[in-house]
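Produce the entire structure from the sequences given, and follow the hints as far as they go.
Protein chains: 2
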Amino acid sequence: MSTSNLDAVFNPRSIAIVGVSTKASAEQFGGGAYLQSMINCGFKGPLYPVNPKGGEVMGLKVYPNVRDIPGPVDYVISAIPASGTLQLTKDCVAKGVKAMHFFTSGFSELGKGEGIALEREILALARDHGMRIVGPNCMGVYCPKSGVSFLADVTSESGAVGAICQSGGNAIYLVREAARRGVRFSKVISYGNASDVNATDLMDYMADDPETGIIMAYIEGVRDGPRFMKALERAARRKPVIVLKVGITESGARAAASHTGSLAGADRVWDGVLEQVNAVRVATIEEWIDMAVTFSFFPKPVGRRVALLGLGGGATVLASDEATKEGLVIPGFPEDLRRRATEVVGAEAGTIIDNPMDLSAEAWRVGYYPILKLFAEYKGIDLSIVHLSVGLIARPPAMHAEIWNKLLDDIVRAEKDFGKPIVVVIQMVTLAEHYAWMLEAREKCYRAGIATYNSIRHASRSGNRLLRYYEKRDARGRSGS
Amino acid sequence: MSTSNLDAVFNPRSIAIVGVSTKASAEQFGGGAYLQSMINCGFKGPLYPVNPKGGEVMGLKVYPNVRDIPGPVDYVISAIPASGTLQLTKDCVAKGVKAMHFFTSGFSELGKGEGIALEREILALARDHGMRIVGPNCMGVYCPKSGVSFLADVTSESGAVGAICQSGGNAIYLVREAARRGVRFSKVISYGNASDVNATDLMDYMADDPETGIIMAYIEGVRDGPRFMKALERAARRKPVIVLKVGITESGARAAASHTGSLAGADRVWDGVLEQVNAVRVATIEEWIDMAVTFSFFPKPVGRRVALLGLGGGATVLASDEATKEGLVIPGFPEDLRRRATEVVGAEAGTIIDNPMDLSAEAWRVGYYPILKLFAEYKGIDLSIVHLSVGLIARPPAMHAEIWNKLLDDIVRAEKDFGKPIVVVIQMVTLAEHYAWMLEAREKCYRAGIATYNSIRHASRSGNRLLRYYEKRDARGRSGS
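Chain order of the listed sequences is L and U.
For the first sequence, the working numbering gives the first residue as 730, with consecutive numbering after it.
For the second sequence, the working numbering gives the first residue as 730, with consecutive numbering after it.
Simulated from the structure, these hints should not be mistaken for laboratory data.
One or more hints might be untrue.
Pairs count within a copy or across copies, as identical chains cannot be separated in the list.
Said to hold, decoys possible - EDC-like cross-link-like pairs, simulated, lysine to aspartate or glutamate; straight-line CA separation at most 20 Å: (1) Lys841 x Glu1077; (2) Lys1054 x Glu1016; (3) Lys782 x Asp1146; (4) Lys1054 x Asp996; (5) Lys841 x Glu1072; (6) Lys1029 x Glu1200; (7) Lys1108 x Asp1146; (8) Lys790 x Glu1106; (9) Lys1149 x Asp933.
Right, here's the structure in full:
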């Protein structure tokens, strides 16, 4: 089967959602939430809520059974208890449905005979009729271009990142958090127990998909290791692949088995394979999202020499330590550049005029633009990292937004005018007002093509990983391997 | 000198602030901000704003010179440019002031003859008259019990944590962020260039201070290494000492020299000394705050065996990996406990009934209380870590607070009723509404004596460090060293 009929999963022309409560607005979980999500995401084709009681919900007629739906149905979402899923599958086969997604759980992941047998029976029925199965026990698909979504509060803007994410909760978090840092997705799929559609199929599909330029994979385990590795190698030759492999400890592997029935596999085997195919391995979900941000916004970098600019002497010392520990280089500035920067700033007290640079006492007056101009002209650095350490300013919180917005405008203007890469770190957020401002600031940055991170450590680690990715790729290109 | 007259720094009976703008409400930085901070923090003694122009500000008479102030003045804050500080020091000596704090910068940290000479001259004058100097180039003191503060938006509640923090910005961030996780301070001091009052004096003072039970130190460098190490060893024998040593890389050391004129010292020397005296060394400012939370809330722990409880299968797999990597143990539950937990939950689909435990599909109905009761009764675990992974729930954001509050109430009630330690991790925050809820949730937890962390990694690392601290201390106790 592999990738056949996966188009019906990502680009269905019509969708039936089975198990929509008729009081769906109050009980927006399960079927009702899917219906709301498709509406919010702008699904263009017909949407058919299904419930034996019939009636109407969100302005749509409710059908008692998928077989009662008048037109053709490409894709069916099951949000009913497991006990009704075999009959539903039979109804879908009879209706000529192309793919089913089971949000429903209670199958092989429970590790018991009954659930395992039911999952197998449904799969056999589907295979006999060429119907694909997503799941069971998963969130399914977010594909903004086609208007399919598992979440009501997401953007309907499309982008280049394709995400294969076994876990539904982590897929939701990924979409929410990455979107707020400017990542836009071609398609995201949570595939749970992977009874049919699995990591290998999806890796093959994403590798071929012209709308996907960057592949993210969260993997608890794979069943057919050699086949998956082949798909991974093929994908990684074409596109950056960022892998978060979990279940790497004994208790984590036990949890993965209970969660999606996965066999986690030895961690060092994964390490070796990912290194060999030049997939970028990350250790945490934050780093996973960081790399999606990094590949989405960064051009191919030219080097590790960074100018650090920010406010706060202590924050500046910490920033230097962290960037250096993560493999970047913070070269001291030559005397001539220090002299010119001092002229621009016009004062020395309460500042550090070197690399790293701290403009604490003077930034409000001088702004960042003229400094970033000097950085852009100086050939000794490849990149600037500007840190906005929001929580360490003594001024009353209400005054912060005004100050930070001025500095942010300077950064956006400098990136546009000078073309030398700038990365923004927004850190030390401690108040709800600051958090709201941070979300605005992130959006202002990504709309200007600027990547944002939550810490110097995360920004530096991501930058270093990006460099390593290209260094390894180029070395392979040269050696012809 | 050492600790003599440091009481006048932390518990002055009267304060003059020199360099308060007469339009202070609009220009709340420098002197005006200090005045506002003392008022907000409830300073009981007289406050004397000083400005040659005289007038009135925030309802207080402004004096042209400290010598014009009618009553005695214990403590003077200089918020004027460096050029006027020598004359101010002379005036303070004439007035019989006990301690001066220089918010003013532009001294030895610039690395130039003039600033170095001025700093020395002021110090010599102060020493001749037994007056102490805090700084220059720093934020000074936050001592809620006496109503002294460098920040207007802080709590006036006191606590057991004393913090020695060379950097002012980091001191501000520390106070803001740690306070929101329930840490309360005996005193916090940012001491900048340390021309007089230095890390050694402060370590000695904090070691003796009956109001300080836990010592935090952020250090860029110390001048007299052997004397500091002796003070550190003495303090660490009496109280937990948590050290964030920065300037550990070449560029970080360069920044530390420009920031506070510090010589950072070789990192591996620090490592050895801190290990030897059983001070807890941390690597980041987040971990530093984590340990203040940990020592503030945790009783002496009995072991590393943790029960993990949360929502989200993927989040649960990640949590197991991270807790295990950080040195904790997540033992699988015996069959009997799993059976009883299954009875309590009443369903298996969409859950993981083991350790780690995931109640995704059922938590809303079952709550956490009956599960935490089982954990409390089970002798095989020492501690529960409950994770509220806010951003991965598919329900609309507006419904979240209600759901989370119910679970949080269960946690607080269980901790109270059963007495077995519970730690709360609030993570995956992606929306401003969630952030505001997180702040409320943290407060609800710390008011009930429960520690909160931002990730499983941070919670586990902190717990492991706490255990190591007590293990080493007990081993020394036994060997009599």
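- [ ] Go through the copies and call it for Lys1054 and Asp996: within, between, both or neither, with a Cα cutoff of 20 Å.
- [x] For Lys1054 and Asp996, the Cα distance is within 20 Å only across copies (13 Å; inside one copy 25 Å).
Open item on the list: I want to check one pair: Lys790 and Glu1106. Are their C-alpha atoms no more than 20 Å apart within a copy, between two copies, both, or neither?
Closed with: Answer is neither: 64 Å inside a copy and 51 Å across each miss the 20 Å cutoff.
- [ ] Can you give me the call for Lys1149 and Asp933, within, between, both or neither, at a CA distance of at most 20 Å?
- [x] neither (36 Å within a copy, 49 Å between copies)
Open item on the list: If the cut is 20 Å between Cα atoms, do Lys1054 and Glu1016 qualify within a copy, between copies, both or neither?
Closed with: both (16 Å within a copy, 16 Å between copies)
- [ ] Please work out whether the CA atoms of Lys841 and Glu1077 approach to 20 Å or closer within one copy, between two copies, in both situations, or in neither?
- [x] This pair counts as between: shortest inter-copy Cα distance 11 Å, intra-copy 71 Å.
Task: Lys782 and Asp1146: within-copy, between-copy, both or neither at 20 Å Cα - done: neither (62 Å within a copy, 45 Å between copies)
Task: Homo-oligomer pair classification [Glu1200, Lys1029; C-alpha up to 20 Å] - done: within (10 Å within a copy, 49 Å between copies)
- [ ] Could you place Lys841 and Glu1072 in one of the four classes (within, between, both, neither) given a Cα distance threshold of 20 Å?
- [x] The answer is between: 17 Å across copies meets 20 Å, while 74 Å in one copy does not.
Open item on the list: My question is about Lys1108 and Asp1146: at a cut-off of 20 Å on alpha-carbon distance, are they close within one copy, between copies, both, or neither?
Closed with: Classified as within; 17 Å inside a copy, 65 Å across copies.
When each numbered hint is compared with the structure, violations occur for hints 3, 8 and 9.
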